[in-house]
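A.B. asks: Using the sequences plus the hints, can you model the full thing?
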Amino acid sequence: MEPQPLKVRYRHLFKDLAALSRAENNITEENVFQPANKDILKIITGMLEENVLPDSELRGQEHLRDFLSRVKGGQRGLILMEHYSNFDLPGFYYFLQEKGGEAGRDIADRLVAISGLKLNEDNAMVSAWAEAYSRIIIYPSRGLASITDPVKHAEEDARSKKINFASMRVMDRLRKEGKVLLVFPSGTRYRPGKPETRRGVREIDSYIRLSDVMMPVSINGNCLRISDKPEDMLEDMVYQDTIIMEAGPVLECKPFREEVLDSVPEEMEDKKQAVVDRVMDILLQMHEKNEAELTARRNCG
1 MEPQPLKVRY
11 RHLFKDLAAL
21 SRAENNITEE
31 NVFQPANKDI
41 LKIITGMLEE
51 NVLPDSELRG
61 QEHLRDFLSR
71 VKGGQRGLIL
81 MEHYSNFDLP
91 GFYYFLQEKG
101 GEAGRDIADR
111 LVAISGLKLN
121 EDNAMVSAWA
131 EAYSRIIIYP
141 SRGLASITDP
151 VKHAEEDARS
161 KKINFASMRV
171 MDRLRKEGKV
181 LLVFPSGTRY
191 RPGKPETRRG
201 VREIDSYIRL
211 SDVMMPVSIN
221 GNCLRISDKP
231 EDMLEDMVYQ
241 DTIIMEAGPV
251 LECKPFREEV
261 LDSVPEEMED
271 KKQAVVDRVM
281 DILLQMHEKN
291 EAELTARRNC
301 G
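Residue numbers for the sequence shown follow the numbering used here, so the first one is 1 and each next one is one higher.
Note that these hints are calculated values from the structure, not bench results. Check the hints yourself; a few may be wrong.
[Said to hold, decoys possible] Derived pair list, reagent style DSSO-like, types lysine-lysine, alpha-carbon separation capped at 27 Å:
| # | residue 1 | residue 2 |
| --- | --- | --- |
| 1 | 179 | 42 |
| 2 | 152 | 118 |
| 3 | 38 | 99 |
| 4 | 118 | 272 |
| 5 | 161 | 272 |
| 6 | 254 | 229 |
| 7 | 254 | 272 |
| 8 | 179 | 161 |
| 9 | 38 | 7 |
| 10 | 176 | 38 |
| 11 | 179 | 254 |
| 12 | 162 | 272 |
| 13 | 72 | 176 |
| 14 | 254 | 176 |
| 15 | 15 | 152 |
| 16 | 194 | 229 |
| 17 | 254 | 118 |
| 18 | 289 | 194 |
| 19 | 194 | 7 |
| 20 | 229 | 7 |
| 21 | 271 | 254 |
| 22 | 99 | 42 |
| 23 | 118 | 7 |
| 24 | 99 | 179 |
| 25 | 194 | 272 |
| 26 | 194 | 176 |
| 27 | 118 | 162 |
C.D. replies: See the structure below:
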């Protein structure tokens, strides 16, 4: 099947998505937690079934079981995942359900993604898409950085503080209930030729500091690829592709942070960034290993 823009390939679903959406596009401190919309989930699952090729894999099953055991034992769990497209969270959830066995299904049921404001407020269809999965909405710091008008900046700064304070309270409550947080440490989708989009954001250090265990997840292959109009997510191109996702070994957060902080020069000003950079190094190593294998498999095919 030839690649097509999302808004062309799945235009016939937009009416149903709009009808099923709760349309909570204006985010306030009152609605930062948005539970999964199971009706929309069925639609997104059908899209994945059409585009994820049969030889796709979810690797690291033993790490999934280890991670789940620790979470069920009362530890606060964090999943740190590569980010290439708006299919990443749906794909991971789908793989957990379909390829992750009993442990995968249990983790999927516990999953709560951290989502930026932009995904929920900029486009009604993209927001409806995101509704399929349980999310906590945050106001990313980079959103404020783009506001140049001082009055508008002050207004949005006050709003961001209210939203993020409410989000932290919800995170704490949900984790006490055994939920698992999923965060994209790059904070944005990686775009080829723009290495800055692969760099982790320093705020991720706070998630690590407030967690007990974390599990990295890499992604190779992509059924939804950014177009030459990255600002319009409905222009993203839909492909059929082989996907390899891998859950890496579970890491204990406190020793991990301490090891990184002890290894950096004393004079380094931004040690939080060093912690996140180490996470991104782990994800990149996992990605490059699987990319070499996937490329060889495609060449043989």
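A.B. asks: Now look at each hint and say whether the structure bears it out.
C.D. replies: Consistency of the hints with the structure:
1. A distance of roughly 22 Å separates the Cα atoms of residue 179 and residue 42; the hinted pair therefore holds under the 27 Å criterion.
2. With a CA separation close to 17 Å, the supplied pair residue 152 and residue 118 stays within the 27 Å bound.
3. This hinted pair checks out: residue 38 and residue 99 have alpha carbons roughly 20 Å apart, not beyond 27 Å.
4. Restraint check for residue 118 and residue 272: the C-alpha separation of about 25 Å stays at or below 27 Å, so the hint holds.
5. With a C-alpha separation of about 20 Å, the suggested pair residue 161 and residue 272 falls inside the 27 Å cut-off, and the hint holds.
6. Simply put, residue 254 and residue 229 have alpha-carbon atoms about 40 Å apart, too far for the 27 Å limit, and the pair is violated.
7. A distance of roughly 13 Å separates the Cα atoms of residue 254 and residue 272; the hinted pair therefore holds under the 27 Å criterion.
8. A threshold of 27 Å between alpha carbons decides the hint, and for residue 179 with residue 161 the separation of about 24 Å falls inside it, so the pair holds.
9. Restraint check: the Cα-Cα separation between residue 38 and residue 7 comes to about 22 Å, which is no more than 27 Å; the hinted pair holds.
10. Restraint check: the Cα-Cα separation between residue 176 and residue 38 comes to about 23 Å, which is no more than 27 Å; the hinted pair holds.
11. The suggested pairing of residue 179 with residue 254 holds, with an alpha-carbon distance near 20 Å, which does not exceed 27 Å.
12. Simply put, residue 162 and residue 272 have alpha-carbon atoms about 23 Å apart, close enough for the 27 Å limit, and the pair holds.
13. Using a Cα cut-off of 27 Å, the hinted pair residue 72 and residue 176 holds, with the two alpha carbons roughly 11 Å apart.
14. With a CA separation close to 19 Å, the supplied pair residue 254 and residue 176 stays within the 27 Å bound.
15. At most 27 Å may separate the alpha-carbon atoms for a hinted pair to count; residue 15 and residue 152 exceed this at roughly 34 Å.
16. Simply put, residue 194 and residue 229 have alpha-carbon atoms about 14 Å apart, close enough for the 27 Å limit, and the pair holds.
17. Distance restraint check for residue 254 and residue 118: the Cα-Cα separation of roughly 31 Å exceeds the 27 Å cut-off, and the hinted pair is therefore not satisfied.
18. Distance check on the hinted pair: residue 289 and residue 194 sit about 21 Å apart at the alpha-carbon level, within 27 Å; holds.
19. Among the hinted pairs, residue 194 with residue 7 is consistent with the structure: their alpha-carbon atoms are about 25 Å apart, no more than 27 Å.
20. Of the supplied pair hints, the one linking residue 229 and residue 7 holds, its CA atoms being roughly 13 Å apart against a limit of 27 Å.
21. A threshold of 27 Å between alpha carbons decides the hint, and for residue 271 with residue 254 the separation of about 15 Å falls inside it, so the pair holds.
22. The suggested pairing of residue 99 with residue 42 holds, with an alpha-carbon distance near 17 Å, which does not exceed 27 Å.
23. Simply put, residue 118 and residue 7 have alpha-carbon atoms about 18 Å apart, close enough for the 27 Å limit, and the pair holds.
24. In summary, the hint linking residue 99 to residue 179 is supported, as the alpha carbons are separated by about 20 Å, within the 27 Å threshold.
25. A threshold of 27 Å between alpha carbons decides the hint, and for residue 194 with residue 272 the separation of about 22 Å falls inside it, so the pair holds.
26. The hinted pair formed by residue 194 and residue 176 fails the criterion: a straight-line CA distance of about 38 Å is larger than 27 Å.
27. Of the supplied pair hints, the one linking residue 118 and residue 162 holds, its CA atoms being roughly 16 Å apart against a limit of 27 Å.
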